[in-house]
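Trainee: Take a look at the letters that make up each chain.
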Amino acid sequence: MKLLTSVFAGLLFGLGMALSGMMDPARVTGFLDLAGAWDPSLAFVMGGALAVFMPGYFLLVKPRRLSLLGEPMARVPAPVLDRRLIGGAALFGIGWGLVGICPGPALSLISSGQPMILLFIGAMAAGILLVDKVWNRVLEKARQHRIA
Amino acid sequence: MMESQWLLSLGGGMLAGLSALILMLFNGRVAGISGILAGAMQYKTPWRVLFLLALTLGWATMPAFDALPGWPVVLLAGLLVGIGTRLGNGCTSGHGICGMGRLSTRSVVATLTFMGMGVATVFFTHHMF
Numbered sequence: 000m001k002l003l004t005s006v007f008a009g010l011l012f013g014l015g016m017a018l019s020g021m022m023d024p025a026r027v028t029g030f031l032d033l034a035g036a037w038d039p040s041l042a043f044v045m046g047g048a049l050a051v052f053m054p055g056y057f058l059l060v061k062p063r064r065l066s067l068l069g070e071p072m073a074r075v076p077a078p079v080l081d082r083r084l085i086g087g088a089a090l091f092g093i094g095w096g097l098v099g100i101c102p103g104p105a106l107s108l109i110s111s112g113q114p115m116i117l118l119f120i121g122a123m124a125a126g127i128l129l130v131d132k133v134w135n136r137v138l139e140k141a142r143q144h145r146i147a
Numbered sequence: 000m001m002e003s004q005w006l007l008s009l010g011g012g013m014l015a016g017l018s019a020l021i022l023m024l025f026n027g028r029v030a031g032i033s034g035i036l037a038g039a040m041q042y043k044t045p046w047r048v049l050f051l052l053a054l055t056l057g058w059a060t061m062p063a064f065d066a067l068p069g070w071p072v073v074l075l076a077g078l079l080v081g082i083g084t085r086l087g088n089g090c091t092s093g094h095g096i097c098g099m100g101r102l103s104t105r106s107v108v109a110t111l112t113f114m115g116m117g118v119a120t121v122f123f124t125h126h127m128f
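Chains as they are written, first to last, in numbering that gives the first Met the number 0: chain A, 0 to 147; chain B, 0 to 128.
Honestly, the hints are just simulated from the structure, not real lab data.
Even glycine gets a Cβ: it sits at the ideal position worked out from N, Cα and C.
Just so you know, not all the hints are guaranteed correct.
Claimed, not checked - Here are the simulated lysine to any residue pairs, SDA-like style, with alpha carbons at most 25 Å apart:
(1) A/K1 x B/F25
(2) A/K140 x A/A124
(3) B/K43 x A/D131
(4) A/K1 x A/R74
(5) A/K1 x B/V48
(6) A/K1 x A/R82
(7) A/K140 x B/Y42
(8) B/K43 x A/G121
(9) A/K61 x B/L102
(10) A/K132 x A/R82
Stated by the list, open to error - Sample of chain A residues lacking proximity to chain B, with all beta carbon distances greater than 12 Å (derived):
(11) K140
(12) R142
(13) Q143
(14) R145
(15) I146
(16) A147
Claimed, not checked - The following label-pair restraints were derived from C-beta to C-beta distances:
(17) B/W70 x A/R64: 20 to 30 Å
(18) B/A119 x A/V137: 27 to 37 Å
(19) B/G115 x A/L138: 22 to 32 Å
(20) A/K132 x B/E2: 46 to 56 Å
Using the sequences and the hints given, assemble the complete structure.
Mentor: Following this line, the structure appears as structure tokens:
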């Protein structure tokens, strides 16, 4: 059942991306281009998403300790604003602005088979691995070293 | 034409929001695509892979890309997106929809930061060079 809802949510998300215009890099950069021919329509994507998710979260999700299928609710991180969060978001923003693709649309676009999209996804995966397998381990070693 | 684009964006956004709500309400999971991808790459349970497969399947009716830059820029951008979303713990979906939707300070700050840097980057690439 849990897997069925995952598939359904994935389908909905992909359909939403396709309709919204987020899969069109030129429109994304047009949305970010405040100084040029600014196309504000993509603001409605986040607006529409929040209009559905936010009331649903506060009315249906937040009061629950377990999900409808009995799963524990995702942990909410401690409200700490650190360099890692802000620096990471800044790097992501630069990458997003360079080509106009963020992770959801990138993966939705994989079926296009476009070499550039595949290159983007490969580089994105390499970046993820770099942080998870190298960066985090180096930090962890340094931390253990300090403790020892 | 303009108006129908706004409506499609609104409708598409609402579907993404509904998807995020369903995933959290039924499964207790955050619909953050970068996080789901990172988790899928360290394969623990099948739900992430199934979610991503469903995300990629069937919606191949996308516009043609005429605006993608050369491959070195695409490579650099992909790396930055991968590293940045991992360090910053989320992307447009995780922070922009799920995090902002529960009024998380971290997510509001992250969203303002990546939007701001996106705007600054487009300003540099479109108007300076």
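Trainee: Each hint should be assessed against the structure and marked as holding or not.
Mentor: Consistency of the hints with the structure:
With a C-alpha separation of about 7 Å, the suggested pair A/K1 and B/F25 falls inside the 25 Å cut-off, and the hint holds. For the suggested pair A/K140 and A/A124, the alpha carbons sit about 23 Å apart, so the restraint of at most 25 Å is met. Taken as a hint, the B/K43 and A/D131 pair is honoured in the structure, with Cα atoms around 15 Å apart against an allowance of 25 Å. Straight-line distance between C-alpha atoms of A/K1 and A/R74 comes to about 18 Å, which keeps the hinted pair within the 25 Å bound.
For the proposed pair A/K1 and B/V48, the alpha carbon gap of about 13 Å is at most 25 Å, so the pair holds. For the hint linking A/K1 to A/R82, the alpha-carbon distance of about 35 Å lies beyond 25 Å, and the restraint is violated. A C-alpha spacing of about 24 Å is found between A/K140 and B/Y42, which places the hinted pair at or below 25 Å, so the restraint holds. In summary, the hint linking B/K43 to A/G121 is supported, as the alpha carbons are separated by about 21 Å, within the 25 Å threshold.
Annotation: proposed proximity of A/K61 to B/L102 holds, straight-line Cα distance about 12 Å (limit 25 Å). Simply put, A/K132 and A/R82 have alpha-carbon atoms about 20 Å apart, close enough for the 25 Å limit, and the pair holds. For A/K140, the non-interface assignment is confirmed: its Cβ lies about 17 Å from the closest Cβ of chain B, beyond the 12 Å cut-off. At roughly 16 Å, the least C-beta separation between A/R142 and chain B is larger than 12 Å, which holds for a residue marked as non-interface.
At roughly 20 Å, the least C-beta separation between A/Q143 and chain B is larger than 12 Å, which holds for a residue marked as non-interface. Its beta-carbon lying about 20 Å from the closest one in chain B, A/R145 satisfies the requirement of being farther than 12 Å from that chain. For A/I146, the shortest C-beta to C-beta distance to chain B comes to about 23 Å, beyond the 12 Å cut-off, and the non-interface label holds. Here A/A147 stays apart from chain B, with its beta-carbon at least about 26 Å from theirs, past the 12 Å limit.
Between B/W70 and A/R64 the beta carbon distance is about 49 Å. The supplied range of 20 to 30 Å is therefore violated. Taking 27 to 37 Å as the suggested C-beta distance range, the pair B/A119 and A/V137 conforms, at roughly 29 Å. Our hint of 22 to 32 Å for B/G115 and A/L138 holds, since their Cβ atoms are close to 26 Å apart. Taking 46 to 56 Å as the suggested C-beta distance range, the pair A/K132 and B/E2 conforms, at roughly 47 Å.
The structure is inconsistent with the numbered hints 6 and 17, although it conforms to all the rest.
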